[in-house]
Amino acid sequence: MTPLFSIGIGIGTQNANGEWLEVYYPQPLLNPSEAIAQAVIGASGYAEGNQTLDLDAKAIAALGEALSQAGEAALAATVTSLTNSTRRAVVVILATDASPSSVPEAYLKLQLISHRLVRPHGIDLSGIFGCLPNVAWTSEGAIDLAELSARQLKARLENRALSVDSIDKFPKMTDYVVPSGVRIADTSRVRLGAYIGEGTTIMHEGFVNFNAGAEGPNMIEGRISAGVFVGAGSDLGGSSSTMGTLSGGGNIIISVGKECLIGANAGIGIPLGDRCIVEAGLYITSGTKVGLLDDNRQAVGSAKARDLAGRSDLLFRRNSETGAVECLTNKTAVELNEALHAHN
Amino acid sequence: MTPLFSIGIGIGTQNANGEWLEVYYPQPLLNPSEAIAQAVIGASGYAEGNQTLDLDAKAIAALGEALSQAGEAALAATVTSLTNSTRRAVVVILATDASPSSVPEAYLKLQLISHRLVRPHGIDLSGIFGCLPNVAWTSEGAIDLAELSARQLKARLENRALSVDSIDKFPKMTDYVVPSGVRIADTSRVRLGAYIGEGTTIMHEGFVNFNAGAEGPNMIEGRISAGVFVGAGSDLGGSSSTMGTLSGGGNIIISVGKECLIGANAGIGIPLGDRCIVEAGLYITSGTKVGLLDDNRQAVGSAKARDLAGRSDLLFRRNSETGAVECLTNKTAVELNEALHAHN
Amino acid sequence: MTPLFSIGIGIGTQNANGEWLEVYYPQPLLNPSEAIAQAVIGASGYAEGNQTLDLDAKAIAALGEALSQAGEAALAATVTSLTNSTRRAVVVILATDASPSSVPEAYLKLQLISHRLVRPHGIDLSGIFGCLPNVAWTSEGAIDLAELSARQLKARLENRALSVDSIDKFPKMTDYVVPSGVRIADTSRVRLGAYIGEGTTIMHEGFVNFNAGAEGPNMIEGRISAGVFVGAGSDLGGSSSTMGTLSGGGNIIISVGKECLIGANAGIGIPLGDRCIVEAGLYITSGTKVGLLDDNRQAVGSAKARDLAGRSDLLFRRNSETGAVECLTNKTAVELNEALHAHN
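Residue numbers (numbering that gives the first Met the number 0), protein chains in the order written: chain P, 0 to 343; chain A, 0 to 343; chain D, 0 to 343.
It is worth saying that the hints were derived from the structure and are not from the lab. Be aware that one or more of the hints could be misleading.
Derived DSS-like pairs: lysine-lysine, alpha-carbon spacing no greater than 25 Å straight-line [what the hints assert, rightly or not]:
hint	chain 1	residue 1	chain 2	residue 2
1	D	330	D	288
2	D	168	A	288
3	D	257	D	303
4	P	288	D	153
5	P	153	A	288
6	D	257	D	153
7	D	257	A	153
8	P	330	P	288
9	P	288	A	153
10	D	288	P	57
11	A	257	A	330
12	A	303	A	257
13	P	330	P	303
14	P	303	P	288
15	D	303	D	330
16	D	288	D	303
17	A	330	A	303
18	P	257	P	303
Computed footprint of chain A on chain P, listed as stretches where at least three residues anywhere in the stretch have a Cβ under 8 Å from a Cβ of chain A [claimed, not checked]:
hint	stretch
19	131 to 142
20	147 to 153
21	230 to 236
22	256 to 268
23	318 to 329
Everything numeric in this text was worked out from a predicted model, so none of it was measured. From the three backbone atoms N, C-alpha and C, an ideal C-beta is built for every residue, glycine too.
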């Protein structure tokens, strides 16, 4: 058979109408082995394509047994443990990486990224906003917004402090998975679907949207917007900004190369190459006119910032005496002129 | 009788001395009907003016019954449910919109705004800081600061993780009410007393103080300071700033009109009209000198930003070649000159 | 005997291997009295130097009794209460202020600062990063990262919402101590080891790292980085930035004197003296070239910002017409020239 794209076996939360609010997959699988695929297909009644299947306790137990016999002891143990829960279990089998069409599918795809099984832009998330319900994330778990006020009153009457921590389509990543080798000082600022590479620290002011992330190692004290990816060794200073595809960045997908430094309170509306620096407090939008300085710090000409998109070894600053935005390069005047003319 | 201004029937938390720390009103009422007013007055022993009245279980049951007979089934059910709680119940009856004089009154007024029954600046909140106690907001509810350390030790001894989430006079809004049609990614950043209009998203970096808010729909990734109101269709970019009446904005009340865009890391110290744009990274204070450009982008003169307060169709930017702050308008040179002279 | 430097008697959390994750000291002691020292030494088996000692219930009870007989009723009561807990108790005795060499020692030192017994830079914290384990801070307390995913699965199976709030070496301060007279709107932004002086408000956008703080009273809506201290009466505007010794500030220790104002979205890479102002939106790095204006607002010369480090009565702004960074002083041209030449 054609290899499957992904399998997720999880438990989740439903509203009073039996609609899924969220699904947790302890061990999401990308490109599962033939043995696992056969075990899951056999136990779940899967037919074809991308399917979401409910499993009762008996089916879960059978699946755990089948996985055990397939030599997948760890996965088998996890699956078998699901029989101990009153929560509804679900199996998602994705034959292909089609756009998500249900809550369980969408949650599986987000968890594939946060488990680092795929990278941002490495999976089809189109239409995911439409798939995901807006949910109240509370100290008593996910609650449907239509049921929230009754739950809040009930909790008060029963002397419980029901904390409503987020009203959002995306939960915080760390309630689903904490990848190895990271620090995330304030987890409310990293959405499920973020990719946080080994060795990365997200400080309190840092933020990472879904389908975005950092290669690692990185020190992130700024905002990684939806769709943005930051290369190894790059640091984002406190409150620094990267324009996202959802919010003003338009069609340009912003990225940051390796070993860059975006200063505190700075920002970028263009992708950066490697070893670039943006001075603290300076915001470079794609339309910013930038004076170019050669390797002797002599003015050579000017360019729109968008024409410098993706280039390496640039230092952006605002001249503190003239107020002009400048870009220091490590190129000679001749090289820079050639590069400028290449755009004409 | 003269119509009442507001009625709140709630339960709350008191400290060891029986002083109120906070009160939760499931259904605060603005301008209650005569029938409701009569039922509440009859059951509570209200005499006149603005009063806060304790209700025992018997009085609550009677009030529920009276409201039921007045045809107010939903409110009656909510009130009757309060008899099931060990928490102390309270009724606040406000004949007039006088400044709040007690914790229950202050909490009622804040909840009227967050329930969207009144808008920011639509109710008298003068002196509210003096009314409100500073409270520890914890995973075990509101705790008086004088009692906190003993509670913390007790929880540790009993192997409970008592989380102290905020030390503030204002709790987070969403523990009291989540208005319809909103997303609030990190609810710790929206104080009770905020007004969050239908269709509004407050992203992780967004913030809304009390007596402030957004008309909706809006995308808010910046800070709406105390007293600031943002019109329909306007977006606040990440970490953008609006000067508040409590913090540097002085006597000018800042507001943002309709369909404005304040860029990421930008800020305003003047109110904006409609369809204004402030470029990412630019902070306009009231004293900023701004060069004015006409509809042909020709320089016409200059003005202090405060003289442009409240005007529509302005685009503020810092010229990236000269460092000068400029304001692009859609007016002719003649129209601009007339406008400038109007200030002389 | 030589007086001891510090004593901590606490309870904490260990991982499955019996290694400390964190320790809570209800009443950390700096320079304890001879009577207390003798009681603790007698009950704990302390020999010499800096030691961490486990205490069983019997030893704790004896210690409580000894402290009671030494006339330390409050401390005795706290210590005696520890016998009621299943958590492991620990005593740390520091003869000297040597760099921390264990988790209990590091936690004691951080709590000494947050209890305001010592100020930032007033205690040896060298090597503390190496001492502290990275921990998952959850709604069920501190959890070892190696044990987290199993705990998360278990909680889901048992229908509990285990919230993973932070993955960090430092917990939030308020779960250990809330010093008197402060407001901290979002406690996730103040690390244990912060010093928050009496009368200080940390608003939602404020942040305070360990070994850093504010003298009080202060209004803090910006970021106090590691090692930074802010003097009495100074305000940090929303999202304002102070460069930390850990992140770009290099060897210069940043501080802010008394009665300064750093505007919203502004930042400093130099220490400020007293009564300085940095305009909203302006970032001063140590290399910024600054035009100097005398007390008549006449240009006198220019300087690197680092040459103005620590000086008082300066106002930094970016001229909105020329884009040049300027520093307004209250000095005459003659005085300024003398000051400039002093650097040559």
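Hinted pair, alpha-carbon criterion (25 Å max): residue 330 of chain D, residue 288 of chain D. Please report holds or violated. At roughly 19 Å apart (the allowed maximum being 25 Å), residue 288 of chain D and residue 330 of chain D satisfy the hint.
Holds or violated: residue 330 of chain P to residue 303 of chain P, with C-alpha atoms at most 25 Å apart: Cα-Cα ~18 Å, so holds.
Is residue 257 of chain D close enough to residue 153 of chain A, meaning Cα to Cα at most 25 Å? violated (39 Å)
Would you mind confirming whether the straight-line C-alpha gap from residue 288 of chain D to residue 57 of chain P stays at or under 25 Å? violated (74 Å)
Whether chain A covers the stretch 131 to 142 of chain P (at least 3 residues having a Cβ closer than 8 Å to its Cβ atoms): holds (count 3)
Is the hinted pair residue 330 of chain P and residue 288 of chain P satisfied, with a Cα-Cα distance of at most 25 Å? Status holds; Cα separation ~19 Å.
Do three or more residues of the stretch 147 to 153 of chain P come closer than 8 Å to chain A, measuring C-beta to C-beta? Holds, because 4 residues of the stretch 147 to 153 of chain P bring their Cβ atoms closer than 8 Å to Cβ atoms of chain A.
Taking 25 Å as the top limit, are the C-alpha atoms of residue 288 of chain P and residue 153 of chain D close enough? Distance ~56 Å between residue 288 of chain P and residue 153 of chain D Cα, so the pair is violated.
Are three or more residues of the stretch 256 to 268 of chain P within 8 Å, CB to CB, of chain A? holds (count 4)
Under the criterion that the straight-line Cα-Cα distance not exceed 25 Å, is the pair residue 303 of chain D, residue 330 of chain D satisfied? Within the cut-off at roughly 18 Å; holds.
Is the hinted pair residue 257 of chain P and residue 303 of chain P satisfied, with a Cα-Cα distance of at most 25 Å? holds (22 Å)
Would the hint linking residue 257 of chain D and residue 153 of chain D be met if the CA-CA limit is 25 Å? violated (52 Å)
Of the numbered hints stated above, those contradicted by the structure are hints 2, 4, 5, 6, 7, 9, 10, 21, listed in ascending order.
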